[in-house]
Amino acid sequence: VLGLRKWQFDVWSNDVTLANYMESGGVPGRVHITKETLKCLGDHYEVEEGHGADRNNYLKDHQIQTYLIVPKESYRAHTMSKQSSSVNGNISKELRMMGHWSKMGFNDKQEPKSTEEEVNEYLIKAIDARSIDRLRLDHCKRFHLTFIKDDIERKYCHEPDPMLNVYFYCSIIIFFGIMSIQVLVFSMDRYSYWVYGVLTVTLLVSCVPVFSREDTKISNFFRAMSLKIHGRREVAQVISLCVVITVICLSYYKLTFIFYLSLTDEYSLVRPNNCKESKIINILLLLTLLALLTCAVHQFIKILFKIILLVVILVCYIASIVVLALIFDRHCEPWFLTTERFLIDVAFLVVFVVGQIMHSQQTEITRRLDFIWKLQATEEKEDMEHLQAYNRKLLANILPVHVADHFLRREKNIEEIYHEQCDKVCVMFASIPNFSEFYIELEGNNEGVECLRLLNEIIVDFDDLLALDRFRHVEKIKTTGSTYMAASGLTLDSCDTAEFGHVVAMLDYALELFKKITDVNEHSFNNFRMRIGINIGPVVAGVIGTRKPQYDIWGNAVNVASRMDSTGVMDHIQVTEDVYEIVKDRAYNLTCRGTINVKGKGTMVTYLMPGIAKEQN
Numbered sequence: 002v003l004g005l006r007k008w009q010f011d012v013w014s015n016d017v018t019l020a021n022y023m024e025s026g027g028v029p030g031r032v033h034i035t036k037e038t039l040k041c042l043g044d045h046y047e048v049e050e051g052h053g054a055d056r057n058n059y060l061k062d063h064q065i066q067t068y069l070i071v072p073k074e075s076y077r078a079h080t081m082s083k084q085s086s087s088v089n090g091n092i093s094k095e096l097r098m099m100g101h102w103s104k105m106g107f108n109d110k111q112e113p114k115s116t117e118e119e120v121n122e123y124l125i126k127a128i129d130a131r132s133i134d135r136l137r138l139d140h141c142k143r144f145h146l147t148f149i150k151d152d153i154e155r156k157y158c159h160e161p162d163p164m165l166n167v168y169f170y171c172s173i174i175i176f177f178g179i180m181s182i183q184v185l186v187f188s189m190d191r192y193s194y195w196v197y198g199v200l201t202v203t204l205l206v207s208c209v210p211v212f213s214r215e216d217t218k219i220s221n222f223f224r225a226m227s228l229k230i231h232g233r234r235e236v237a238q239v240i241s242l243c244v245v246i247t248v249i250c251l252s253y254y255k256l257t258f259i260f261y262l263s264l265t266d267e268y269s270l271v272r273p274n275n276c277k278e279s280k281i282i283n284i285l286l287l288l289t290l291l292a293l294l295t296c297a298v299h300q301f302i303k304i305l306f307k308i309i310l311l312v313v314i315l316v317c318y319i320a321s322i323v324v325l326a327l328i329f330d331r332h333c334e335p336w337f338l339t340t341e342r343f344l345i346d347v348a349f350l351v352v353f354v355v356g357q358i359m360h361s362q363q364t365e366i367t368r369r370l371d372f373i374w375k376l377q378a379t380e381e382k383e384d385m386e387h388l389q390a391y392n393r394k395l396l397a398n399i400l401p402v403h404v405a406d407h408f409l410r411r412e413k414n415i416e417e418i419y420h421e422q423c424d425k426v427c428v429m430f431a432s433i434p435n436f437s438e439f440y441i442e443l444e445g446n447n448e449g450v451e452c453l454r455l456l457n458e459i460i461v462d463f464d465d466l467l468a469l470d471r472f473r474h475v476e477k478i479k480t481t482g483s484t485y486m487a488a489s490g491l492t493l494d495s496c497d498t499a500e501f502g503h504v505v506a507m508l509d510y511a512l513e514l515f516k517k518i519t520d521v522n523e524h525s526f527n528n529f530r531m532r533i534g535i536n537i538g539p540v541v542a543g544v545i546g547t548r549k550p551q552y553d554i555w556g557n558a559v560n561v562a563s564r565m566d567s568t569g570v571m572d573h574i575q576v577t578e579d580v581y582e583i584v585k586d587r588a589y590n591l592t593c594r595g596t597i598n599v600k601g602k603g604t605m606v607t608y609l610m611p612g613i614a615k616e617q618n
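First residue of the sequence shown? That's 2 in this note's numbering, and the numbers climb one at a time after it.
Restricting the straight-line Cα-Cα distance to at most 35 Å, the calculated cross-link-like pairs of lysine-lysine (DSBU-like) are: (1) K549 with K40; (2) K303 with K375; (3) K73 with K36; (4) K549 with K517; (5) K517 with K394; (6) K600 with K36.
Okay, the calculated beta carbon distance ranges per label pair: (7) Y170 with G356: 15 to 25 Å; (8) N598 with N21: 22 to 32 Å; (9) D62 with E381: 56 to 66 Å.
If you're looking for bench data, these hints aren't it; they were derived computationally from the structure.
For every residue, glycine included, the Cβ atom is placed at its ideal position computed from N, Cα and C.
Generate coordinates for the entire structure from the input sequences, incorporating the hints supplied.
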């Protein structure tokens, strides 16, 4: 593949050159082969002397002995092909006869998979890949549930939680609910109001930055804090821990007050005063449940921290019951909390805590797996976009931009033929006739690869010129060997029928090619010489082929431009009279060559321009 634009797979070697001359020196309707080809065919075909040297100078100079295959109604090779096809399937006759089919993977023991089998295999892999257990084991640690890869964990920590505000709203509601219960049940003093005030301020200070992200009335400081909290899970978890601890402290504050009163024999301040009618045990259970609920609300707290908080709340409840039992045994007769009631309440709370831990663990797993799926989907989307952009770039290197857009705009039938009629298209053929003399297959130049490397550099230099703005309407068509083909005016935007700017651009481009080949000669110490032919006229442009689609142009104008090159003069640009009439008033050094004989066209008047032109106006 040579050049930067219009990539096209091609082959080069002396044998390729020989095959080209075998075609031009052949006979219409006959297959023209060399002696080496005949050796590979064995006795499968009947041949006769080809006398190719009488029709082609290259074959004569290189003393190539040629043969013509004798046509028959049925070939023995064709019969063999039918017999072997039942065993080897759709293996081409050429591959079997050359003995390379087994090396290329065509084996009768290998049966191709059906489309259904391939789809089923793909679905099995996809289902296995999306298995929750498989994903958890592949990406998360067993107990901590953090991601194994640190970079994924960092991305997850920066993922905002859309429910973060809801967690804190629920915490505020539970906080004031607990406060209301304590105010209604227990007696209040000034110390209690001070404690409630401090805890309330702590809660609000923790929550206000969370709610300030989209509130324009809040100062920029709180808004920046809110963005940081929502953007980093570590910060949000610290705030959540502060809120949960504040609620826990509020839940058990009055109990510490009761303990203090019992030690000072002022237990009568506990309301109601009748021990038998006291509901403090039920109130304690309710406060504990509310504290556990607050912990459950904050779902994004890490599972390890959540377990610690839940265990602390459970221990506080058990310790409170034990201390209360001691208090009421001391001051009340009899103690109204039975052992059965105590065990039932503790068992209920233990089940509640275990269920909450399991729920939190499952929620955390689901969140992290959702993040993994989202991350994978994002990566696959980015890969798809990169691949799509690469395919577009690759397609633009195969087809012109307007043709590529035509195929990408809508669904098209693969068999549909794209073609368009273009008027006044300027066609150029630029060849390096003496490159064939430079191309030699030797061990020292890697069997000709180094020669092709230099040819690639030349074509790259030619392609680089097309990136210039003044040559934006010049379209490279293809390269054939050392011949470079380009055209301008293939679209309505590029075809200037009034001033013929696309013709001028083509002539300027041709002059730049001579400058490039001169630079190559100076740096590579070679003496490559160019010959360019240009013509203008109507052409048909289209895409041929489905497996290897190739954009090309056809028409009389193309054939004449090719003849302008083949019949041209070294180091000159040969143009037709039509091109001359368009640019004769411009500062191009065009001289009439006179009448020349053009194959298939008869005699034509042409004009020559040296490769280095004088300054233009």
